[in-house]
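Assemble the complex: chain A is given as a structure, and chain B must be docked to it using the hints.
Those sequence lines, one after another, are chains A and B. The first sequence: position 14 = 297 (our numbering), numbered continuously. The second sequence: position 693 = 702 (our numbering), numbered continuously.
Honestly, the hints are just simulated from the structure, not real lab data. None of the values given here were measured: they were computed from a predicted structure. Glycine included, C-beta positions come from ideal geometry on N, C-alpha and C. Don't take each hint at face value.
As the list claims (entries may be wrong) - Computed Cβ-Cβ distance ranges for the label pairs, DEER-style:
1. B:L305 x A:K397: 51 to 61 Å
2. A:E364 x B:G674: 49 to 59 Å
3. A:A302 x B:E485: 13 to 23 Å
Listed here are the chains, written in short residue letters.
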Amino acid sequence: MNVLHVLFKVDGTEYAMPAADVVQMESFTGATPVPGAPSHVAGLVQVRGRVIPVVDARARFGLPPGKHSLDSRVVVGQLGERTVGLLVDSAREVLKLDPRTIQPPPPMVVERAKGFVKAVAQVGPRLVMLIDFPRVMGEETADVDGQR
Amino acid sequence: MTTSVEFAEFLPAYLAEVDELLAAAQRDLLAVEEAVRRGAAQPRAVRELFRALHTIKGLSSMVDVEPIVSLAHWMETSLRLADQAGGRLPESSVEPLVEGLRAIEQRVRQLAAGKTASPAPVNLLERLEALGPHVLGTAPAAPTRRVVLDAEAAFAAKLAPSEREQLEGGLQAGQRAVRLDFVPSAERAAQGLTINTVRERVAKLGDIVKVLPLSGAAAGGASLAFALLLITVSDDAALLGAVGGAPATLRSLAVNAPEEAPVPLAPLPATALLASSVAATEEELEEPEVRRGGGLLRVEVSRLDEAMEWLAALVVNRSRLTRAVAALTAAGAPTRELTAILQENGRQLRDLRSAILRLRMVRVGDVLERLPLLVRGLRRTTGKAVRLELDVGDAELDKAVADRLLPALVHLVRNAVDHALEMPEERVAAGKLPEGLVHLGCHARSSGQLEITLRDDGRGVDAKAVAKAANAPVPESVDGLLDLLCRPGLSTRQEATSTSGRGMGMDIVRRIVVEQLGGELRMETRKGAGTTFTLRVPLTVTLVDAIVFECAGLKYAVSVGTVEELIDVDALRVVRPAGANGLGLVERRGAAVPLLSLEQLLGRTAPAREGVSRGTKALIVRQRGEPVAFAVDRLLGQQEIVLRPLEDPLVRVPGVAGATDLGDGQPTLVLDLGALGAAHGVRRKGSARPGEWVS
Chain A
284 MNVLHVLFKV
294 DGTEYAMPAA
304 DVVQMESFTG
314 ATPVPGAPSH
324 VAGLVQVRGR
334 VIPVVDARAR
344 FGLPPGKHSL
354 DSRVVVGQLG
364 ERTVGLLVDS
374 AREVLKLDPR
384 TIQPPPPMVV
394 ERAKGFVKAV
404 AQVGPRLVML
414 IDFPRVMGEE
424 TADVDGQR
Chain B
10 MTTSVEFAEF
20 LPAYLAEVDE
30 LLAAAQRDLL
40 AVEEAVRRGA
50 AQPRAVRELF
60 RALHTIKGLS
70 SMVDVEPIVS
80 LAHWMETSLR
90 LADQAGGRLP
100 ESSVEPLVEG
110 LRAIEQRVRQ
120 LAAGKTASPA
130 PVNLLERLEA
140 LGPHVLGTAP
150 AAPTRRVVLD
160 AEAAFAAKLA
170 PSEREQLEGG
180 LQAGQRAVRL
190 DFVPSAERAA
200 QGLTINTVRE
210 RVAKLGDIVK
220 VLPLSGAAAG
230 GASLAFALLL
240 ITVSDDAALL
250 GAVGGAPATL
260 RSLAVNAPEE
270 APVPLAPLPA
280 TALLASSVAA
290 TEEELEEPEV
300 RRGGGLLRVE
310 VSRLDEAMEW
320 LAALVVNRSR
330 LTRAVAALTA
340 AGAPTRELTA
350 ILQENGRQLR
360 DLRSAILRLR
370 MVRVGDVLER
380 LPLLVRGLRR
390 TTGKAVRLEL
400 DVGDAELDKA
410 VADRLLPALV
420 HLVRNAVDHA
430 LEMPEERVAA
440 GKLPEGLVHL
450 GCHARSSGQL
460 EITLRDDGRG
470 VDAKAVAKAA
480 NAPVPESVDG
490 LLDLLCRPGL
500 STRQEATSTS
510 GRGMGMDIVR
520 RIVVEQLGGE
530 LRMETRKGAG
540 TTFTLRVPLT
550 VTLVDAIVFE
560 CAGLKYAVSV
570 GTVEELIDVD
580 ALRVVRPAGA
590 NGLGLVERRG
600 AAVPLLSLEQ
610 LLGRTAPARE
620 GVSRGTKALI
630 VRQRGEPVAF
640 AVDRLLGQQE
650 IVLRPLEDPL
660 VRVPGVAGAT
670 DLGDGQPTLV
680 LDLGALGAAH
690 GVRRKGSARP
700 GEWVS
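Isolated chain A (complex conformation):
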């Protein structure tokens, strides 16, 4: 059965996650920095009255920081009780992925992606990385000494 996925781009690469885990997408107008939070946490944003933390996908994937633009999106996802956001360069597409096109990632990708990529899907000529959303959001608590 084909599963609906949300596609987004980070540093030119396409990623995807199941649409069922996505609550909504918001344009990004800046986040309130939280001192002492892990460095990949961009900060707090307010989404429909809720205050949620946003993880910067570039920082999380170890990519060079990018400029935020009108295309920047916060993909708001649900992780059990938690509602968290992932800041990406753009997110425009929703696609049904055929499970037969989804393959385990090559070992090199596994290694370099710190386990954030759990599968690779072939969409026509494009390769799309399926992210492990819980792992990307992580549970690492703040640095204990409050230093960045």
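Coordinates of chain B only, in the frame set by chain A:
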């Protein structure tokens, strides 16, 4: 009006009591009006209304508020007559009674505001006085066919004339008048069958006229039983089922053989009562008394707040203790037992906190009890037919949330009636019922939030008209439409109306729900079919009086209670000891106070902004008992904020108590400066999170 010491002393209790009575009276009056419109009697509501006014009159004469006494007096007088007439009121009498209640309410508000109650309007008093004779005129003519009650079964002497009339009236109308005896027992109580639940269950099957407790022989061997006298159309099985079956008994109150010489029910000689084996206990179970007692206690909110403040102090102290123990542990002291006690202590504090929060919960149903009256008023002013459905169940809300939420709901209900619902003719033309529906439902969600839906079956929001009024393109999504509706000052009306004023005022609703309460507001609307607003609000909020300031280009807030002093920092007079890594010293009343750069603590570097000099103000906070100054750029003011704790592990950090919305849509951090300084000063693993007391 006297301003004696006694008056001032009794005023708060008087106001609280009268408020409650007024709310009950309004409810009852609506029930009476409803019955009057159907041409039916509503003896229970009339009696309750009568009692409420009687009590209001009594209380008001005790504190010597003459205008209320005279208003209540004439209302009470006519209601007593109506009660004696079996709960019948002429339709024309409802309006003066409504006005009377309103006049009383206005005067109560005046008293609450410390003013003198204005005199009762003479014209209104005259109309209320005229009600009495009017009421008598509508008493039903003597029944042509006399239906007779089984006197013994009905405990004739215990029945008031109006109750007897109600039972007889039921029989004449072809209903059954029955006596249902319920025998309570421990097993039944375990099944949830007590006299109170039985009352509720039976009330669904018929009109309970009276409930009498029985003891001795009358109770049929049990030590205690209750006889419920009611009018009903239900059958024996349903009625017996409602009281849990045998040993409950049921018998008809109608005399079996009507041909027999009718025994006039009225005054049975006292001896006859004694001869009958009926021994009703002295104390009649009348509802109001039960309600008054009820194990309830009225407490001023300020006292609960005070308890909460003490608790907060306790929790702050506990974090200091935790830090001290951590320091001991680090120094190699045997602290295992101490740590265990501390953990236990933390749990106890959490339990205590939730217990205090529970004390502040009020029933949503009680909060909304004014809405039916509001809708009634709207019916009159708009000429629309409206039915208000409240489906609120047992949900509860924190008092602070409820107080803020009510105006938003009032606003939405007003809008629904005034703007959304069509006139009856228009509705019929559109194939709808002439009577419009406003439905308010709510249920608690697992996430500590309450969801309230307000639905109408009116014309729906006209996106084009809204776009035109807002001078904006027609929004593509319903969220976009709601954003437009919530623009301050938006109005789709040319004229102001008396009920909603000019415009929708949706910006106020959103401000309350989203900004003040940290909730969520959504809308669904379908042209011609109606609109539903969904409000999601937290069950509790933590309100904090906060100082808002700016540091390195960002706004922050800090609880006023933690700040000891605000000072100006003269850069020239700050002493910077060598090797102290940016730490400065300022002089305050002859003592040196360490000065920390908050900008540095927050790890922020922002370009200098014109007109804002850096670090020229400082907040003095106690950190482990010692004053420490935190340099900030600019003080922006003091305000009450809703503190939203940060629950997510990614952002639960020492020094940040939570976030708040200052109205700009961006979260603003609420700092715990003492903890922030400590986290940096100590740099130790597992340091406490002093922000936790607010989580």
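Against the structure, the hints:
1. For the pair B:L305 and A:K397, the supplied restraint of 51 to 61 Å holds, since their beta-carbon distance comes to about 59 Å.
2. Between A:E364 and B:G674 the C-beta distance comes to about 24 Å, which lies outside the given range of 49 to 59 Å.
3. Checked against the hint of 13 to 23 Å, the pair A:A302 and B:E485 passes, with Cβ atoms roughly 20 Å apart.
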